[in-house]
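Protein chains in written order, with my numbering: chain A, 1 to 374; chain B, 1 to 374; chain C, 1 to 374; chain D, 1 to 374; chain E, 1 to 374.
Derived from the structure by calculation, the hints contain no laboratory data.
Computed from a predicted structure; not experimentally measured.
Among the hints, a few may not be true.
Since the list can't tell identical chains apart, any single copy or any two copies may satisfy a pair.
[Unchecked claim] Using 30 Å as the maximum straight-line C-alpha spacing, the simulated BS3-like pairs for lysine-lysine come out as follows:
1) K44 <-> K207
2) K278 <-> K214
3) K214 <-> K301
4) K207 <-> K367
5) K278 <-> K207
6) K64 <-> K164
7) K214 <-> K367
8) K63 <-> K53
9) K64 <-> K368
10) K44 <-> K164
11) K167 <-> K44
12) K330 <-> K278
13) K207 <-> K368
14) K368 <-> K6
15) K278 <-> K64
16) K164 <-> K34
17) K278 <-> K108
18) K34 <-> K167
19) K330 <-> K60
20) K367 <-> K6
One letter stands for each residue in the lines below.
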Amino acid sequence: MESRIKRVRYNARRHSGNVGDSPGLVVIPDGALKPIISIFSYNKDELVTCEGKDLKDVFKQLKKCDNHTHWIKINGLGDVQLIEELGTHLNINSLVLEDIANIHQRPKFDEYDDYAFSTSRIVHFNSEEELVNNQFSAIIKDNLIISFEEDHEERFEAVKTRLKVGKGAIRTAGPGYMCYALTDTIIDTYFMLLAQIGDRLDAIEDKVYTSADKSIMFSAQQLKRTLIIIRRASWPERDKINDMIRSESPLITPEVKLFLRDAYDHCIQAMDLIENYKEVTSSIIDLYLSMVSNRMNEIMKVLTIISVIFIPLTFIAGIYGMNFARQDDKGHVIKDNMPELYWNHGYVYALVFMFLIAVAQVFVFWKKGWFNKL
Amino acid sequence: MESRIKRVRYNARRHSGNVGDSPGLVVIPDGALKPIISIFSYNKDELVTCEGKDLKDVFKQLKKCDNHTHWIKINGLGDVQLIEELGTHLNINSLVLEDIANIHQRPKFDEYDDYAFSTSRIVHFNSEEELVNNQFSAIIKDNLIISFEEDHEERFEAVKTRLKVGKGAIRTAGPGYMCYALTDTIIDTYFMLLAQIGDRLDAIEDKVYTSADKSIMFSAQQLKRTLIIIRRASWPERDKINDMIRSESPLITPEVKLFLRDAYDHCIQAMDLIENYKEVTSSIIDLYLSMVSNRMNEIMKVLTIISVIFIPLTFIAGIYGMNFARQDDKGHVIKDNMPELYWNHGYVYALVFMFLIAVAQVFVFWKKGWFNKL
Amino acid sequence: MESRIKRVRYNARRHSGNVGDSPGLVVIPDGALKPIISIFSYNKDELVTCEGKDLKDVFKQLKKCDNHTHWIKINGLGDVQLIEELGTHLNINSLVLEDIANIHQRPKFDEYDDYAFSTSRIVHFNSEEELVNNQFSAIIKDNLIISFEEDHEERFEAVKTRLKVGKGAIRTAGPGYMCYALTDTIIDTYFMLLAQIGDRLDAIEDKVYTSADKSIMFSAQQLKRTLIIIRRASWPERDKINDMIRSESPLITPEVKLFLRDAYDHCIQAMDLIENYKEVTSSIIDLYLSMVSNRMNEIMKVLTIISVIFIPLTFIAGIYGMNFARQDDKGHVIKDNMPELYWNHGYVYALVFMFLIAVAQVFVFWKKGWFNKL
Amino acid sequence: MESRIKRVRYNARRHSGNVGDSPGLVVIPDGALKPIISIFSYNKDELVTCEGKDLKDVFKQLKKCDNHTHWIKINGLGDVQLIEELGTHLNINSLVLEDIANIHQRPKFDEYDDYAFSTSRIVHFNSEEELVNNQFSAIIKDNLIISFEEDHEERFEAVKTRLKVGKGAIRTAGPGYMCYALTDTIIDTYFMLLAQIGDRLDAIEDKVYTSADKSIMFSAQQLKRTLIIIRRASWPERDKINDMIRSESPLITPEVKLFLRDAYDHCIQAMDLIENYKEVTSSIIDLYLSMVSNRMNEIMKVLTIISVIFIPLTFIAGIYGMNFARQDDKGHVIKDNMPELYWNHGYVYALVFMFLIAVAQVFVFWKKGWFNKL
Amino acid sequence: MESRIKRVRYNARRHSGNVGDSPGLVVIPDGALKPIISIFSYNKDELVTCEGKDLKDVFKQLKKCDNHTHWIKINGLGDVQLIEELGTHLNINSLVLEDIANIHQRPKFDEYDDYAFSTSRIVHFNSEEELVNNQFSAIIKDNLIISFEEDHEERFEAVKTRLKVGKGAIRTAGPGYMCYALTDTIIDTYFMLLAQIGDRLDAIEDKVYTSADKSIMFSAQQLKRTLIIIRRASWPERDKINDMIRSESPLITPEVKLFLRDAYDHCIQAMDLIENYKEVTSSIIDLYLSMVSNRMNEIMKVLTIISVIFIPLTFIAGIYGMNFARQDDKGHVIKDNMPELYWNHGYVYALVFMFLIAVAQVFVFWKKGWFNKL
């Protein structure tokens with residue numbers, strides 16, 4: 001399982017644009033994708049879906065069904081002109097347009113005279129197990145919601161289905177509800193991500209107890225960072241939802257606020273889990289470090305004990321390997337030079353002596369409890 | 001004692017249901033048990049108890065004794081229909097019904113037009129010493145309280161007894177008081193759990209001072225997590241009780257609020273203990289790590305000192321094991337080649353010399369205080 | 001000094017009574033002592049003291065001197081009936097009576113219709129150097145203060161003396177002032193305890209610099225816990241005093257509030273010291289661990305250097321201990337087999353060579369700074 | 001990359017001036033540069049730029065174009081007289097003048113009767129990769145903004161360009177907008193600095209995984225300090241912008257406040273990144289320490305295993321190097337003295353025996369998992 | 001530089017007086033110095049200075065120049081009577097008098113009916129490099145400020161000079177301004193102290209990189225404590241100044257409040273520096289510990305590698321030192337016993353073989369990167 005864990009980088013560090021750029025200047029991020037536009041026009045009775053249109057079609061559609069609510073879904077930010085035209089047509093402040101293209105926003109909810117602007121962070125593992133950290137933004141105005149995503153991935157399938165089925169408040173509660181539905185879906189993906197992180201933490205912890213190696217350190221670091229990133233997404237998300245709940249804009253109806261309170265609870269639940277997982281990650285790292293140090297200590301202890309047992313024995317063998325002569329160089333007998341060598345059974349005595357020393361050492365070490373596991 | 005400590009897992013990580021599910025959709029958690037319904041209808045004068053009934057009986061009972069307060073106790077969440085029927089009959093918002101079935105709620109108290117909804121976490125060790133982390137939820141409306149538990153366990157025996165005895169405010173103070181009584185009982189179980197944790201911490205600490213081994217690390221980790229889980233339960237519980245105290249709903253009478261203030265104090269007391277136990281756990285881990293490292297250091301020191309004492313001796317034995325010849329291969333005498341070997345008592349001198357070196361080393365090491373305990 | 005430090009246990013972990021007990025049930029803690037009652041009836045002019053009376057005498061005394069202020073001092077909680085009778089006679093809420101007997105309350109100040117209830121924690125070392133962590137509680141009503149202590153120890157001698165002397169506001173400022181005087185005395189004992197802790201910390205720190213051993217770890221742990229316990233007492237004490245200052249009860253006169261503000265300052269001062277001592281304790285532990293590791297490193301370094309110096313020498317001795325023959329088994333001369341053994345002065349050359357190697361090693365190690373203290 | 005990392009010092013520690021100096025005394029910091037004055041007078045229609053003027057020219061210019069907005073840009077603080085003359089002419093409080101010269105201010109926004117004073121910190125790496133931590137201050141009054149920088153570096157090129165081009169609000173929105181524009185440009189440089197820090201952190205982390213050495217510790221420390229310094233700049237900057245937004249001064253028009261809200265968001269984004277980078281830095285240090293300890297452990301383990309394998313072998317060789325004699329000194333045969341030496345193939349048996357012991361050891365160690373990577 | 005660092009003790013731990021002392025009792029601290037009284041009477045036109053007077057002179061002076069502002073400066077607290085007489089004459093609450101003598105107050109600003117009381121902490125290194133932590137207190141009333149210091153040291157020379165010169169508001173803005181001037185001077189000394197700490201930290205850090213030894217640990221600990229002490233002084237100082245700014249007392253005029261806002265900024269700046277220096281101190285300790293462990297690891301690694309290289313060589317030498325005989329004790333040739341000993345050039349082969357093994361080991365270790373710096 002942990003083999004799936006990849007290096008997590010903080011790609012969210014650059015402000016697109018240059019130092020001192022005029023505020024309100026729309027700067028497309030590097031590698032932005034071509035926008036794909038889908039329109040969902042719905043009221044209580046019908047749902048009209050058009051995909052792959054260009055901006056003119058959009059405006060036409062808006063005029064045609066003016067008693068519908070419209071969800072204009074734009075996937076890809078690679079077209080300055082499109083964003084600026086939209087802004088001009090709907091009379092959107094240029095600062096908002098800049099924020100749509102500047103994909104490193106924190107989640108926020110800004111109200112303007114007759115429209116509102118909301119951003120969220122989309123954070124999940126993609127199919128290659130890399131962490132995606134994208135921006136979702138939405139403009140709500142009159143009977144209209146325009147949502148912006150960075151990529152072409154389909155993450156709101158469930159919302160579309162609910163729209164198609166038409167049950168619940170989704171078709172009747174206006175663009176504010178749609179904004180809620182999209183936000184809540186994004187928060188739901190946090191739980192999916194957290195469940196994956198939870199699984200990985202469990203796998204890592206199991207590994208600590210069974211076959212700890214240093215990949216654990218790497219994996220734990222990556223999960224820690226993932227948690228930092230998702231925390232950065234969910235904390236301001238909570239504040240944002242709170243701002244929406246306290247908003248007095250007619251775009252956020254009391255009915256929608258009831259649902260937002262639910263989303264708020266979910267957000268706090270997610271934050272709770274994040275904090276817990278952070279604590280768990282830290283304690284797994286501590287546990288791993290203690291395990292490694294324990295194992296290492298155990299090994300060193302055993303090895304050292306073996307050495308120490310043999311050292312006096314080798315010394316004794318060294319003693320009887322000395323060449324002290326029984327005769328001096330003139331042939332006289334030197335009385336006491338190493339008589340043991342000439343004893344009957346001297347060799348056996350020596351071996352037995354060594355054996356006894358070894359036994360004594362083992363006994364002393366055992367007595368002191370040095371053979372116990374630490 | 002510590003053998004009872006089992007692996008604690010965070011099972012609270014999945015949101016039941018799928019990403020993007022319509023809000024208000026009741027999704028039964030995996031493995032939910034069949035509901036068992038008990039009804040307690042009481043007023044100042046009598047207590048009518050019916051257990052094991054189905055929903056129709058409940059509604060009949062409600063109609064029959066309309067001047068009673070009813071406590072409908074539902075154990076097990078495994079029946080969507082039951083929850084939805086209850087919701088329809090009592091006119092409960094679908095978001096509330098969703099929360100009853102979604103067993104990962106944080107404790108909260110939500111007021112609606114003419115009813116209120118309260119959740120708590122039930123956290124205790126079960127008979128197999130595994131940590132239970134269940135949801136308790138209750139709907140209060142008019143003269144009615146409906147409580148939901150996940151399992152069939154009997155944890156409100158004491159409340160039932162008080163109901164039977166009928167002393168105090170329990171029979172007369174309405175469903176709000178019953179909600180308080182159940183909540184307070186749940187908080188009381190926190191103290192039971194904390195007492196168990198306290199005992200285990202004491203046992204672990206005793207073990208650190210007597211026979212520390214690495215099971216301590218494992219046990220401490222598990223207790224730490226148990227503390228995290230119970231903290232996650234008690235912090236929002238406090239906020240919830242505070243919300244109840246500040247509530248203006250007629251369901252929470254001033255009399256009940258007085259009791260709630262008491263429960264609030266208990267909750268803070270529990271949180272206090274949790275924080276203390278967390279600090280204690282950390283300091284036990286630190287102490288253990290320091291103990292292990294101390295013992296290891298002690299062992300390594302002794303072993304190394306033994307080695308070092310023998311190393312010069314072995315070297316000297318090696319010296320006199322060299323084969324420098326007194327005569328070259330032509331028979332000429334080599335004057336000074338290892339004359340010690342030919343000394344009278346040379347061997348004894350060598351042994352004495354070695355002994356002196358050993359003594360000198362021991363003396364130096366002792367002088368430097370290396371034999372002192374670290 | 002540190003030999004006086006004993007194991008500190010958290011005895012404050014059990015809620016007396018059982019899970020789900022009816023609120024307001026008075027449960028006497030295990031091992032509670034028999035109550036001893038003293039009465040101090042005083043007004044500006046006189047002080048009447050009666051000790052060792054029973055409850056009937058108390059009520060008689062109250063009636064007799066109804067223009068006096070009465071301080072009824074009860075030492076020992078071992079009599080349910082006494083507490084309940086007092087409650088009935090003075091019309092005290094049963095929740096308050098429960099709290100008097102439940103000796104694990106946090107400091108708090110609760111106001112009721114015509115009386116107030118205050119608790120504090122008494123924390124100090126007793127004569128056996130064990131930590132006492134008792135409950136002090138007091139009921140104030142009309143011209144009456146009833147104080148409850150767990151044991152028979154005399155800690156308010158100074159207050160009694162001031163009462164006897166009769167200087168200052170003590171005789172004239174009513175039961176609220178007496179409540180302040182007792183609370184302030186309790187806070188003063190915190191300073192006494194903190195002074196003792198400070199002395200012990202100084203002693204431990206001195207020991208770290210002179211003769212660190214592992215008893216330091218134990219002592220520091222115990223002091224840390226003592227600090228946790230006193231922090232648990234003083235933080236809510238501060239909140240309690242603040243509640244008293246902001247109270248609108250006529251029992252707490254403006255004059256008393258002025259004095260309470262002084263007690264509040266003392267409490268903050270104590271908390272300040274606690275936090276400082278906690279930091280100091282942590283830094284002593286860090287220092288100790290670093291000292292131990294330093295000493296250990298120093299020892300291992302020296303030992304290893306000694307080993308390494310001898311290892312090549314022993315190798316050389318081993319070389320010249322080899323038995324390579326000058327003649328093969330047929331008597332032919334083997335030209336180059338170990339000619340050094342047959343050199344003139346070969347032995348001396350060998351010794352000198354070994355000596356030079358040893359010197360070279362020492363020089364290199366010294367050059368690298370390995371003989372410097374770490 | 002990490003070779004570029006230089007020692008970061010906290011030069012911000014001295015209050016210019018002496019203890020007890022009269023407040024409002026302008027004390028020029030050591031090494032302050034000669035001021036260079038540039039004037040930008042602009043209205044909707046024209047922009048007049050004069051560089052390198054002295055104060056008299058400034059006043060003349062102010063009088064001449066009294067329907068213009070004037071940006072007086074002063075680079076260098078090395079002239080007390082200039083600051084004091086400006087203060088007198090514009091009627092500025094001496095405390096403000098003191099703060100302009102005292103270059104260790106925290107960012108703040110102070111309002112006075114008819115003018116406002118704002119300071120920021122300019123923090124970036126200069127071309128020699130040293131950290132610059134300068135003060136930027138500005139006085140806004142009527143149609144006038146006077147900005148002060150410590151050095152002659154050109155950091156507002158982009159603002160000048162926008163002024164020249166004249167697009168957007170810059171020419172028409174008054175000195176408040178100019179203050180915003182300068183502040184926002186400074187915040188933008190924080191992102192530039194943070195991007196550089198991010199790059200360096202990535203480089204360090206890569207190095208940890210590939211070729212960790214102790215320069216990592218040094219680099220991480222320096223980055224940590226840089227983060228502390230920029231945090232010290234950005235936290236009060238946020239408060240300052242908030243003060244500006246809530247200001248009721250006519251100098252900060254509602255239009256400007258809209259832009260300031262944008263700057264506020266940027267500031268929070270920067271603070272977010274700073275906190276993240278701090279966490280990343282800490283975790284890199286942890287990772288590095290764990291890596292080093294792991295590598296060290298690995299090396300010691302392998303080395304010790306090698307030693308331990310050879311120690312019994314050397315002992316056996318020592319045994320058979322003993323000189324126990326087959327004949328005593330009278331020529332009698334000693335039966336059992338080291339018969340192995342006289343066996344056929346004794347040598348081969350000995351070698352085989354040693355080999356088997358070595359294999360057995362390797363097997364046991366392998367079995368115990370000691371060859372696994374830790 | 002670090003030799004100047006002395007042991008820092010927390011002398012601030014005792015409450016002067018005894019447990020349960022009557023509030024308002026003036027208890028002189030141990031070793032308090034005899035008071036020296038100076039009087040500075042000034043108005044816009046003149047300054048009258050009298051030093052070394054006693055209390056009667058003071059009262060006379062007050063009466064004589066009743067249209068002056070008087071600063072009565074008392075150095076030394078060793079006279080209960082003086083304090084009490086002052087209190088009686090000026091009608092000061094006894095709690096205030098107690099606080100003047102009780103030299104362990106936290107900085108605070110208390111307002112009474114017609115006077116105010118302010119305390120600060122004076123913290124600096126004295127000429128013997130020991131940390132001074134004294135109390136400064138002041139009573140402001142009508143046209144009078146009485147300041148109390150513990151010792152006879154002259155720290156307000158600059159204020160006296162400004163008084164003499166008479167420039168600025170000092171002579172005209174009343175006793176509130178004088179209180180500000182003294183407070184601000186005290187805060188200025190914090191910067192002086194912090195600058196000294198900063199220099200020492202720099203010196204310590206330089207030493208970590210060049211010649212780390214364990215004195216660093218000691219020095220860092222002492223600086224940490226100094227920072228704790230100055231933090232304890234400056235945090236409540238900030239609150240105190242804030243209280244003064246928000247005070248509605250006529251003693252603190254709006255003009256003085258403007259200056260106090262400046263002092264408030266300075267205080268926050270000091271706190272900022274303190275927090276930074278604390279972080280720096282911690283990171284220096286971490287760095288030092290990592291350095292020490294690195295150096296130790298490096299040494300142990302080199303030593304162990306040397307050992308391991310020689311161990312197999314010594315083993316081989318041991319092999320050829322064995323005494324396996326070519327002939328058994330009956331003179332029969334033992335075919336294969338150690339033929340290497342009889343080879344031509346056997347010795348050389350052995351040496352070459354050993355050399356090759358050594359080279360191989362070095363190569364393998366080098367290949368594994370074990371010679372790289374950690």
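Here is what the structure says about each hint:
no.: 1; hint: K44 <-> K207; result: neither (54 Å within a copy, 60 Å between copies)
no.: 2; hint: K278 <-> K214; result: both (19 Å within a copy, 23 Å between copies)
no.: 3; hint: K214 <-> K301; result: both (22 Å within a copy, 15 Å between copies)
no.: 4; hint: K207 <-> K367; result: between (34 Å within a copy, 19 Å between copies)
no.: 5; hint: K278 <-> K207; result: both (18 Å within a copy, 25 Å between copies)
no.: 6; hint: K64 <-> K164; result: within (20 Å within a copy, 44 Å between copies)
no.: 7; hint: K214 <-> K367; result: between (35 Å within a copy, 20 Å between copies)
no.: 8; hint: K63 <-> K53; result: within (15 Å within a copy, 59 Å between copies)
no.: 9; hint: K64 <-> K368; result: neither (91 Å within a copy, 74 Å between copies)
no.: 10; hint: K44 <-> K164; result: within (11 Å within a copy, 53 Å between copies)
no.: 11; hint: K167 <-> K44; result: within (10 Å within a copy, 46 Å between copies)
no.: 12; hint: K330 <-> K278; result: neither (84 Å within a copy, 80 Å between copies)
no.: 13; hint: K207 <-> K368; result: between (33 Å within a copy, 17 Å between copies)
no.: 14; hint: K368 <-> K6; result: between (47 Å within a copy, 26 Å between copies)
no.: 15; hint: K278 <-> K64; result: neither (52 Å within a copy, 54 Å between copies)
no.: 16; hint: K164 <-> K34; result: within (27 Å within a copy, 34 Å between copies)
no.: 17; hint: K278 <-> K108; result: both (24 Å within a copy, 24 Å between copies)
no.: 18; hint: K34 <-> K167; result: between (33 Å within a copy, 28 Å between copies)
no.: 19; hint: K330 <-> K60; result: neither (127 Å within a copy, 116 Å between copies)
no.: 20; hint: K367 <-> K6; result: between (49 Å within a copy, 28 Å between copies)
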